[in-house]
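Chemist: For the protein sequence lines, the chains are R and A, in the order given. Everything in the first sequence is counted per numbering that gives the first Met the number 0, starting at 0 for the first residue and increasing by one. Everything in the second sequence is counted per numbering that gives the first Met the number 0, starting at 0 for the first residue and increasing by one.
In case anyone wonders, no lab produced these hints; they're calculated from the structure. Careful: at least some of the hints might be erroneous.
[What the hints assert, rightly or not] Chain A is faced by these chain R residues, among others (derived, beta-carbon under 10 Å):
#1 71
#2 74
#3 75
#4 251
#5 284
#6 374
#7 426
#8 433
#9 443
#10 446
#11 483
[Said to hold, decoys possible] Distance windows between CB atoms, simulated:
#12 233(R) / 46(A): 48 to 56 Å
#13 33(A) / 68(R): 39 to 47 Å
#14 395(A) / 28(R): 40 to 48 Å
#15 24(A) / 117(R): 28 to 36 Å
#16 46(A) / 65(R): 39 to 47 Å
#17 444(R) / 46(A): 47 to 55 Å
#18 165(R) / 80(A): 50 to 58 Å
Using N, Cα and C, we set each Cβ at its ideal position, and we do this for glycine too.
What follows is each chain in one-letter form.
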Amino acid sequence: MKPSTVRIKKTPSRFKHQVPKYKVNRSAECISCGTCAKSCPYGVHERVEGRNRMSVPIDYKCIGFDCQNNDFCCIAKCPRKALSLSLNPMYETLGDYRWTADIITATWIMAETGYPPERKDLEYQVGNSGGGFDKLRLNFPTGRSKIDKFEISTEIPLNRRNDGRPNVVISTPMYGGGMSFGSVSLATMISKARNATLWNTFTCTGEGGYPDMLIPYNHHVITQVATGLFGVREETIQQVRIVEFKYAQGAKPGLGGHLLGDKNTESVARMREAVKGTSLFSPFPFHSVYSIEDHKKHIDWIKEMNPQALVSVKVSTPNDVDMVAVGSYYAGAHIIHIDGGYGGTGAAPDIAKKNIAMPIEYAIMKVHNFLKDEGVRDSMTLIASGGIRTAHDLAKAICLGADGAVVGTAELVSLECVRCGNCESGRGCARGIASTDSELSDLFEEEWATQRLTNMYHAWNVQLVEILQKFGMKSVRELVGRADLLTHIDYRKESGVCS
Amino acid sequence: MPKKYHIHTKTAPLNLDYVFKFRIERGENCINCGRCTKVCLYEAHKRGKGDPRKMADPNTVVCRNCFRCIQECPRGALEKSLDRDFLNIGGSYWKPDMFITLWKQAEDGKVPVTGAGYRGPFTGLGFDSMWTDMSEIVRPTRDGIHGREYISTSVELGRKLNHLSFGENGQLLSKIHDTVDVPVPIIFDIPEDNLSPNVKVALVRAAAELNTCIVLPAADITADIEKYIKHIIPFMSHEDIDKHHGLIRQARIAAFEFTDALLGDFSAVKDKVRKVSRALTMIRVPATKSLESTVAKLAAGGAEIIHIVADYRGMEMNGAANADRRLLKDIIRAVHRRLVEDCIRDEVTIIASGGIAMAEHVPKAMICGADLTAVDLALLIAIGARLYEEPEKILVFPDGLEKVPVRTVKQRIVNLMGAWHSQLLEVMGAMGIREARRLRGETGRAIFFDEIDQDTFGKLFNIRETKSL
């Protein structure tokens with residue numbers, strides 16, 4: 000399947016207003032003549048019939064300072080010079096160092112349109128964290144590329160062991176992060192699965208059981224076996240193509256999963272065979288695994304139960320993550336999925352998110368190089384996650400040595416998550432994404448959510464293809480490990496000058 | 000197995016509603032439709048008490064920044080911004096968000112847990128430029144705070160022997176030194192001057208309840224708190240030992256101000272103390288440029304406990320421009336390394352303080368080489384104090400604090416330490432370390448930004464141009 004055949008469709012926000020970057024100020028000089036309403040093509044100004052005053056400007060529709068180059072710009076057109084433009088203080092309350100307001104806004108636009116924003120005023124390729132991906136740049140060659148976009152393949156194989164198990168191939172080098180039923184709503188899970196099916200890739204159940212509603216999408220679902228073993232049953236292992244062991248999670252390395260009591264609602268508790276309302280803290284580690292030999296026994300157990308399944312091992316990023324990766328190869332895993340310290344979560348102690356284990360940027364290179372030195376790199380699929388926010392992050396992760404990535408937060412932002420971080424307790428997500436509260440989880444339709452996800456994946460794929468084209472590559476597989484195509488703004492190469 | 004150390008936390012609210020992060024304002028074009036009331040989960044929007052036809056001013060203290068009201072208001076009449084008063088709190092080290100989390104921990108005593116991934120900068124200065132390691136598959140792992148395994152956070156203060164000597168018949172020849180055990184690697188440092196009496200008593204009682212110690216100037220140890228003397232470390236000039244015989248006799252540790260005289264002849268001071276009691280001695284040394292050699296000399300001269308004190312932002316105190324002042328992380332590492340080189344590391348206990356502001360600073364300071372830490376300002380922030388770094392350090396206490404009952408003030412301090420203790424367990428559990436004493440100097444179980452960035456990108460790109468952010 001060619002990714003370009005995926006159908007995109009304009010899917011606007013489910014809310015009346017969006018978060019404005021700019022503020023259009025109307026002073027007392029305004030005589031309500033309506034000139035601005037006539038000239039602005041974006042609908043910032045309204046002169047409602049029958050009213051004698053202009054409506055308050057609709058800030059979020061304004062395209063910003065760049066508009067002043069246009070003939071129709073309201074500021075120049077106003078006969079009384081009553082209009083002015085400034086940055087909206089509200090914009091500062093959106094986003095943070097890693098997910099800046101610009102990245103969130105741009106992701107919303109991608110989910111709406113299926114393409115990266117046309118606006119030039121959004122810095123969506125890098126965040127503001129001052130390190131890692133945010134300091135790396137893709138260093139494109141000059142001159143026109145000879146590659147036709149339609150020749151470029153973004154598919155990657157997930158089974159490289161040549162062990163007689165199926166050659167599972169995904170059409171775009173990314174899949175959906177593990178989010179359990181309970182941490183997110185059923186609608187969120189199903190939309191993710193439907194999108195994964197459309198894109199011929201995967202989504203993951205996380206550690207919270209396998210809702211029956213996901214069965215139609217079995218072919219594109221990874222089911223997780225995590226330390227709490229919540230919802231793991233023989234049939235769930237047998238009905239999927241990939242089973243993932245979750246040893247640890249980047250946002251809380253060394254700690255088990257957290258589902259606080261408020262979110263353990265009746266349906267969640269039933270699925271997890273737990274008592275409603277109790278906080279569920281998964282243990283750490285797997286108490287059946289204290290060595291690579293034990294780890295192999297675990298993998299053998301899954302392979303025995305499902306002779307067709309691939310096995311993925313999800314770990315976070317300690318100093319010796321490279322050893323863990325090689326160990327996983329020898330234990331028989333197909334995919335090593337490393338989740339960096341700055342990864343997403345539905346609930347994790349703040350101290351763990353910030354302080355434990357290394358960011359993914361370092362871990363990718365460490366693991367890639369070590370697998371290469373051991374001579375097994377070509378037999379393993381290396382998947383990175385934990386801070387892959389944009390298509391550019393994805394490309395950089397691949398340059399550093401990953402085959403592909405898992406995205407979680409970007410999917411939720413597509414569904415209009417604002418990253419307020421209140422998903423851990425109470426009724427859960429105020430925006431209905433990460434909640435099983437009967438009222439809140441009803442805030443959007445699966446149809447809408449699936450299309451938003453499909454659009455976002457499309458926008459990322461478009462950008463990835465563009466990047467590959469600029470590098471003159473026909474397949475994303477050529478990009479793997481090409482750290483030489485990157486530059487770091489804090490460093491300079493000994494010979495030659497760059498950015 | 001020893002009885003599990005447990006800190007009894009209990010909700011202890013204080014009215015701190017005057018500080019909030021998000022300011023929501025209702026524009027004049029509000030049509031009082033009440034949509035915001037329906038969509039807000041946190042009850043920020045309510046109808047007017049006096050006149051229910053009108054909406055009341057938003058209660059922004061409860062705002063959790065979900066944007067529902069902003070996006071669903073039919074008129075776009077609501078505006079939100081970061082509160083300027085909030086942004087002005089603290090400064091470059093004590094960041095505004097720290098106050099919110101410290102207040103919350105002091106209120107409920109719980110580990111702060113939130114949704115969504117880390118939101119801060121990639122790396123920073125001092126302790127922010129290191130990550131603690133974790134254990135996975137190929138290393139022994141431990142169940143943390145929610146597991147059944149017992150993780151000990153206790154540490155000993157005092158000298159330890161490098162080795163034991165035995166006589167011909169196998170009898171022990173070495174004299175084992177006295178030590179003082181504290182169940183958490185945290186003591187309370189000398190609090191600010193001019194605290195209201197209830198706060199001072201609460202600090203002492205909290206230290207006693209936690210079974211740790213508080214350093215107090217000997218002159219401040221009034222009759223009402225003297226009964227807690229086992230948990231008080233009287234601090235004095237070594238010249239005043241004779242004046243404070245009473246205190247030294249009862250205390251377990253006595254602290255002395257560092258002077259050059261102590262460098263030359265510490266044993267004379269120790270002898271003077273020994274005449275009165277078996278109390279251990281502690282020397283409080285300001286962190287200056289020459290700190291490591293001072294500490295090494297003191298340790299060689301028989302010092303038992305050395306407390307190194309950086310300024311309130313964890314910086315060296317040498318009065319020079321900020322640029323060449325070392326940060327606590329590097330100060331501790333230098334001291335630890337020097338003592339290891341001199342082969343006397345175990346013979347002295349190192350306490351680090353100055354800028355210990357968050358729970359993570361405790362294990363990080365220990366990994367860098369401290370045996371334990373001392374906290375000061377964080378305890379006052381727990382009881383509602385606000386700190387301003389610019390133009391100069393100012394501490395502002397909440398109005399009416401002096402009237403808050405001692406037990407509430409004490410409970411908030413206990414709660415904060417309870418939350419920190421739990422977070423220490425989380426970090427140790429993740430590292431697979433079961434004894435806090437084993438954290439000391441375990442730099443191999445940490446990831447330092449400078450090293451790993453050099454290892455990863457330095458190898459690729461060769462020349463580093465920017466030293467830090």
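Chemist: Going back to the hint list, which numbers does this structure go against?
Modeler: Checked against the structure, the hints that fail are numbers 1, 2, 3, 6, 9, 10 and 17, while the rest are satisfied.
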